[in-house]
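> Sequence:
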Amino acid sequence: MVTDAWQQARTILVTWWRRVRPQQAGRVDAALVECRSRALAARRAGNNAAESHLVEAWGSRLTALLQDEPALADELRQLIDKEITPLLSPDGGPRTGSHNFRAEASGHGRVYQAGHDQHIHEP
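Residue numbers (this note's numbering): 1 to 123.
These are computed hints drawn from the structure, not numbers from a lab. Every value quoted in this text rests on a predicted model; they were computed, and no experiment measured them. Treat the hints with care, since some could be wrong.
To be verified - Simulated DEER-style distance windows between Cβ atoms:
#1 Ala5 to Glu34: 14 to 22 Å
#2 Val20 to Ile120: 21 to 29 Å
#3 Val55 to Ala30: 15 to 23 Å
#4 Val55 to Ser106: 30 to 38 Å
#5 Leu72 to Ala30: 20 to 28 Å
#6 Ala31 to Gly109: 44 to 52 Å
#7 Arg27 to Arg77: 18 to 26 Å
#8 Ala45 to Ala5: 36 to 44 Å
#9 Val55 to Tyr112: 23 to 31 Å
#10 Gln24 to Glu104: 40 to 48 Å
#11 Arg43 to Asp74: 43 to 51 Å
Even glycine gets a Cβ: it sits at the ideal position worked out from N, Cα and C.
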């Protein structure tokens, strides 16, 4: 949200939103601009929690849209996977997406799975 690719991602998302919910596109665009300003301030302050909260808020907004119109899920997933995600640099901060984890342990076996950093301290 704070990289140079933000403008491109914003344009892609607002254009899509204008097509699926034209009456909300202006508000979404304004909210993205405000959110970027807050994300930049959080990044400057080293406030990772605030930055993560902003990402979560947009995830909630998209989830609400998909609850109202589930048929848009595949289209949104393709938009994110094919157009927005490629704009993100590896060190560009929080990324969104979905992960499917499947594991099975038996006996005294253990399974450790994580979608990001994982630190395990065992005696």
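> Indicate, hint by hint, whether the structure satisfies it.
Results for each hint:
{"no.": "1", "hint": "Ala5 to Glu34: 14 to 22 Å", "in the structure": "holds (19 Å)"}
{"no.": "2", "hint": "Val20 to Ile120: 21 to 29 Å", "in the structure": "violated (43 Å)"}
{"no.": "3", "hint": "Val55 to Ala30: 15 to 23 Å", "in the structure": "holds (18 Å)"}
{"no.": "4", "hint": "Val55 to Ser106: 30 to 38 Å", "in the structure": "holds (37 Å)"}
{"no.": "5", "hint": "Leu72 to Ala30: 20 to 28 Å", "in the structure": "holds (21 Å)"}
{"no.": "6", "hint": "Ala31 to Gly109: 44 to 52 Å", "in the structure": "holds (46 Å)"}
{"no.": "7", "hint": "Arg27 to Arg77: 18 to 26 Å", "in the structure": "holds (23 Å)"}
{"no.": "8", "hint": "Ala45 to Ala5: 36 to 44 Å", "in the structure": "violated (22 Å)"}
{"no.": "9", "hint": "Val55 to Tyr112: 23 to 31 Å", "in the structure": "holds (24 Å)"}
{"no.": "10", "hint": "Gln24 to Glu104: 40 to 48 Å", "in the structure": "holds (44 Å)"}
{"no.": "11", "hint": "Arg43 to Asp74: 43 to 51 Å", "in the structure": "violated (32 Å)"}
Violated hints, listed in ascending order, are 2, 8 and 11; each of the other numbered hints is respected by the structure.
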